[in-house]
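Using the hints provided, position chain B relative to the given structure of chain A.
These protein sequence lines are chains A and B, in that order.
For what it's worth, our numbering labels the leading residue of the first sequence as 1, then goes sequentially.
For what it's worth, our numbering labels the leading residue of the second sequence as 1, then goes sequentially.
Bear in mind the hints are in silico, worked out from the structure with no lab data behind them.
Wrong hints could be hidden among the right ones.
[Said to hold, decoys possible] Calculated cross-link-like contacts (lysine to any residue; reagent style SDA-like; alpha-carbon spacing at most 25 Å):
id: 1; chain 1: B; residue 1: K15; chain 2: A; residue 2: E124
id: 2; chain 1: A; residue 1: K129; chain 2: B; residue 2: Q14
id: 3; chain 1: B; residue 1: K118; chain 2: A; residue 2: R109
id: 4; chain 1: A; residue 1: K303; chain 2: A; residue 2: K131
id: 5; chain 1: B; residue 1: K15; chain 2: A; residue 2: K303
id: 6; chain 1: A; residue 1: K138; chain 2: B; residue 2: N108
id: 7; chain 1: A; residue 1: K129; chain 2: B; residue 2: P77
id: 8; chain 1: A; residue 1: K131; chain 2: B; residue 2: Y107
id: 9; chain 1: A; residue 1: K131; chain 2: B; residue 2: A11
Note that the structure is a prediction, hence the values are computed from the model and not measured.
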Amino acid sequence: MNDKDKKPFRVFSNCQEYSIPIWQCPAFLFSVMGIINVTSCLFFYFLGGRYIKEPSMLAIIILGIATFMFFLAYAVTRSVEKLMEINRNKTEFIKIVSHQLRAPLTNIRWSIDFVMSNRKGKTEVNVEKEKDYFELIKENSQRLEDLLSDLLIVNRLNEENFFKYKEDVNFVDVIKETLQDYKYLAKASNVEIITRVIDKPVYVFANKILIETAFENLVKNSIIFNKQGGKVEISLFRHPKEILVAVKDEGPGIPKADRKYIFQRFFRGSKAFHTQTQGTGLGLYIAKAVITKHGGKIWFKTKEGQGTTFFITLPIRKI
Amino acid sequence: MKKILFIEDEAVLQKSLGSLLGEQGYEVISAIDGESGLNLAKAMKPNLILLDLILPRIHGLKILESLKTDEITKDIPVIVLTNLEDNEDIEKALALGATTYLVKANYNLKDVVEKISKALED
Chain A
1 MNDKDKKPFR VFSNCQEYSI PIWQCPAFLF SVMGIINVTS CLFFYFLGGR
51 YIKEPSMLAI IILGIATFMF FLAYAVTRSV EKLMEINRNK TEFIKIVSHQ
101 LRAPLTNIRW SIDFVMSNRK GKTEVNVEKE KDYFELIKEN SQRLEDLLSD
151 LLIVNRLNEE NFFKYKEDVN FVDVIKETLQ DYKYLAKASN VEIITRVIDK
201 PVYVFANKIL IETAFENLVK NSIIFNKQGG KVEISLFRHP KEILVAVKDE
251 GPGIPKADRK YIFQRFFRGS KAFHTQTQGT GLGLYIAKAV ITKHGGKIWF
301 KTKEGQGTTF FITLPIRKI
Chain B
1 MKKILFIEDE AVLQKSLGSL LGEQGYEVIS AIDGESGLNL AKAMKPNLIL
51 LDLILPRIHG LKILESLKTD EITKDIPVIV LTNLEDNEDI EKALALGATT
101 YLVKANYNLK DVVEKISKAL ED
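Same shape as in the complex, but just chain A (with noise of 0.2 Å):
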């Protein structure tokens, strides 16, 4: 190894670093065993000359140092597998996110070379033949913009900071500002969006760029996977201490091997990603996290062929 990729033994910062607890830190396990290994050593010395008239008594005191020590080795291994397993997680993560961003850069550059070979010794452009893929980069542009968006906030989740800033959020604006903005998704998926809000305010302490955000996930994922024709409901219900917001689409339905990958990132599970190929496969997984660090709860009920309805609860906050 290169004396610069030698990392120095620094226990707490090492630990940090790896975003594990102390008591699973491998560097701060070590610590604590070369430190009971030395007492250890030196209470044998200063005992073995108190009751060495006594055997038993003292291999009964190795035997309990020993047992203490074999937990101790075992929770070593333990962390040093969970640090292998989070750096298993990660390679796979670039993995996915890879191929993630591949998709739309072949698109937008297939559909160049398409536009550039159709001008290929022409002096006039076919402008009608070539809006489909103007269109297409365009789309994929969108898409690699999703996927980059989604990419920013999955990797901010884990900071304590990124939640820092809440304020009162009104629910029932959250609703409209969300409707407003997704109306043109729903009219070029041909979904019809049916809101049961109540009139008033009701308020959440929350990020409201976050929330907001998580909610549009909900409602994006209910019009593009929902059936032509389609509705999707809204509602939002104001219980004594908390908000019940529902949302229930037509769509197919969440298939029952893969309802357990569903708030993972890419919808993984090696079944779902490879399988999946709309949306950015964050969105969920990035609702989950925003509403459970807000106190709240995310579920689902779906049935194949019918459709799905996400809920989600928050706890209200009285003004």
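Positioned in the frame of chain A, the structure of chain B alone reads:
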């Protein structure tokens, strides 16, 4: 006229590559998922199949396996055209009987057309 079945869910790739292949004198039939791809392969017995790996519902390797185990389609050459570049995927596809494995991002549209034409000449 030689027939090519293109199993690909990205509309833009179907349109661009399909049009250029059409200009080269091939008949291109497109399928947007594995299930319709398998049915079309049996029904039209194309001279070549272009197969993406990431498709809705069924993974491309499963489709390749089905194509290569079916009496009607087992001898049709299959070119895998994907953006997955893992050694594991490449090895699996070739072991299952794919003729060629092309990573989309590594080629221009023109290069892909040339490779397909060459495969059809062989």
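Hints versus structure:
Under the criterion of a C-alpha separation no larger than 25 Å, the hint pairing K15 of chain B with E124 of chain A is consistent with the structure, at around 21 Å. Proximity of K129 of chain A to Q14 of chain B is assessed by CA-CA distance (about 15 Å); at most 25 Å being required, the pair is judged to hold. Taken as a hint, the K118 of chain B and R109 of chain A pair is honoured in the structure, with Cα atoms around 22 Å apart against an allowance of 25 Å. Between the alpha carbons of K303 of chain A and K131 of chain A the distance comes to roughly 39 Å, so the proposed pair goes past 25 Å and is violated.
At roughly 34 Å between alpha-carbon atoms, K15 of chain B and K303 of chain A are farther apart than 25 Å, so this suggested pair is violated. Taking the CA atoms of K138 of chain A and N108 of chain B, the gap is about 19 Å. The hint holds against a cut of 25 Å. Of the pairs offered as hints, the one joining K129 of chain A and P77 of chain B is violated, with about 31 Å between alpha carbons and a cut-off of 25 Å exceeded. Simply put, K131 of chain A and Y107 of chain B have alpha-carbon atoms about 24 Å apart, close enough for the 25 Å limit, and the pair holds.
In summary, the hint linking K131 of chain A to A11 of chain B is supported, as the alpha carbons are separated by about 14 Å, within the 25 Å threshold.
The structure fails to meet hints 4, 5 and 7 from the earlier list, while all remaining hints are met.
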